[in-house]
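*Asks:* In case you want the letters, here they are:
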Amino acid sequence: MKKILIVNICKEKLHYYEFVKPIEEILRINGFNYFIRNYEDIKNNDLRKCSKIIICGTSLFDNYFIKDIKTFKWLLGFEKPVLGICGGMQIIGLIFGGKLKKKKEIGFYNENFIKNFLGFFGEKEVYHLHNYYVGFNNMTDFEVFSESKVSQAVKHKSKNIYGVLFHPEVRNVEVIINFVK
Amino acid sequence: MKLGILFSGGKDSTYACYLAKNEGYEIACLISIFSENKESYMFHTPNINKVKKQAKTMNLPLIVVKTRGNKESEILDLEKAVKIALKKYNIGGIVSGTINSVYQSSRIQKICNKLKIECFNPLWQKDQVELLNELIKNKFDVIISGISAYPLDKSFLGRKIDKKFIEEIIKLNNKYKINPAGEGGEYESFVINCPLFKRKLNVDGYDDFGRENAWIREIKLK
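Sequence lines, in order, name chains G and X. In this text, residue positions in the first sequence follow the working numbering: the first is 48, and each later residue adds one. In this text, residue positions in the second sequence follow the working numbering: the first is 3, and each later residue adds one.
Errors might be hidden in some of the hints.
[Claimed, not checked] Quick list of in silico lysine to aspartate or glutamate cross-link-like pairs, EDC-like style, CA-CA up to 16 Å:
1) G:K50 with G:E72
2) G:K58 with X:E25
3) G:K60 with X:E25
4) G:K171 with G:E221
5) X:K116 with G:E152
6) X:K23 with G:E59
7) X:K118 with G:D109
8) G:K60 with X:E28
9) X:K4 with G:E59
10) G:K58 with X:E120
11) G:K206 with G:E126
12) G:K96 with G:E59
13) G:K60 with X:E120
14) X:K116 with G:D109
15) X:K112 with G:E221
Honestly, the hints are just simulated from the structure, not real lab data.
My request is simple: use the sequences and hints to build the entire structure.
*Replies:* Shown next as structure tokens:
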């Protein structure tokens, strides 16, 4: 059976418990097979053998992935489904030519999803933890599913590449389940 | 990286400290907030003064800041405590035992963000029954020091978190939605012994206060 690749973008080992383990648990409890790789350790064989990829988020200051953004160049030619969460969404945006912008949001926020995004529609309470975001509104390759100026949920127009700025592992697990099933 | 632990003496903050140490981080200090408000949403209150004995047996310095415990002042007092840890021990981050509370975690995250230090929440979103089982597996000796939800009653005070307790709390979760790890404030705990302690704390006696489904056990240590 094909496995889902969970990508850990945290450099600090202790952040694994907060940003990767909750995703791992959602997949395990719902009967999905998975394996985990740190972003620097992903091999071509990992990309070949996985069925889908989830790129997890990270803490407010553990942002080494920005410096190492070239490591994610494989995303440009990747044809399988990908879901980027928070930092993972920023990675998708940067790789596809977007710019990083400053915006601090911590805690619960209400966001309006104007089109169905992995089962998400209408006003929803979501958990934010970021100091940056990528503005997808001017990126013609991507469709934006939320109303606010800061894009909350996006999908590449011709690839199954999804991004969410919020953390669905906190109270909105159905987004992750709808992506992996 | 040197870390400060937001420490209440209960199972969650102690286990978070244990995980940080196991991952190779240097624990520089414990940080405790003594709240005068027994209804605090942020800070654990029963037996908080006993953290001094826990810190001693862990051979760790303890930073204590008192707070009147109203909603805004307790955040300022927590920030004050973290600033002391930053100045005195040059910590690069703090660790909290928050499991599910966005109210608690987002306030701690904001303080760390302001002070430009890392915030670690190693129990975040953890399955609460799994947490209780890990405590037993890792030889944590934990007792119940307070209860505040129906149908928990005085008979729970002093009970050890063991297999029997877990079986019972799962049943209470199914029937009454009691959070198995007490994350909703249903119960408070106190760590008597764990791998971080040089020796077990000896309970010399106790006084129980409360009524019906709200009780606190003030523990006396030798």
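*Asks:* Please go over all the hints and tell whether each is borne out by the structure.
*Replies:* Taking the hints in turn, this is what the structure says about them:
Taken as a hint, the K50 (chain G) and E72 (chain G) pair is honoured in the structure, with Cα atoms around 14 Å apart against an allowance of 16 Å. Taking the CA atoms of K58 (chain G) and E25 (chain X), the gap is about 13 Å. The hint holds against a cut of 16 Å. At most 16 Å may separate the alpha-carbon atoms for a hinted pair to count; K60 (chain G) and E25 (chain X) meet this at roughly 7 Å. A C-alpha spacing of about 12 Å is found between K171 (chain G) and E221 (chain G), which places the hinted pair at or below 16 Å, so the restraint holds.
At most 16 Å may separate the alpha-carbon atoms for a hinted pair to count; K116 (chain X) and E152 (chain G) meet this at roughly 13 Å. For the given pair, K23 (chain X) sits about 13 Å from E59 (chain G) by alpha-carbon distance, which is consistent with the 16 Å threshold. Using a Cα cut-off of 16 Å, the hinted pair K118 (chain X) and D109 (chain G) holds, with the two alpha carbons roughly 11 Å apart. Among the hinted pairs, K60 (chain G) with E28 (chain X) is consistent with the structure: their alpha-carbon atoms are about 13 Å apart, no more than 16 Å.
Among the hinted pairs, K4 (chain X) with E59 (chain G) is consistent with the structure: their alpha-carbon atoms are about 12 Å apart, no more than 16 Å. Proposed proximity of K58 (chain G) and E120 (chain X) is supported: the alpha carbons are some 12 Å apart, at most 16 Å. Between the alpha carbons of K206 (chain G) and E126 (chain G) the distance comes to roughly 7 Å, so the proposed pair stays at or under 16 Å and holds. The suggested pairing of K96 (chain G) with E59 (chain G) is violated, with an alpha-carbon distance near 27 Å, which exceeds 16 Å.
For the suggested pair K60 (chain G) and E120 (chain X), the alpha carbons sit about 12 Å apart, so the restraint of at most 16 Å is met. The suggested pairing of K116 (chain X) with D109 (chain G) holds, with an alpha-carbon distance near 15 Å, which does not exceed 16 Å. A C-alpha spacing of about 27 Å is found between K112 (chain X) and E221 (chain G), which places the hinted pair above 16 Å, so the restraint is violated.
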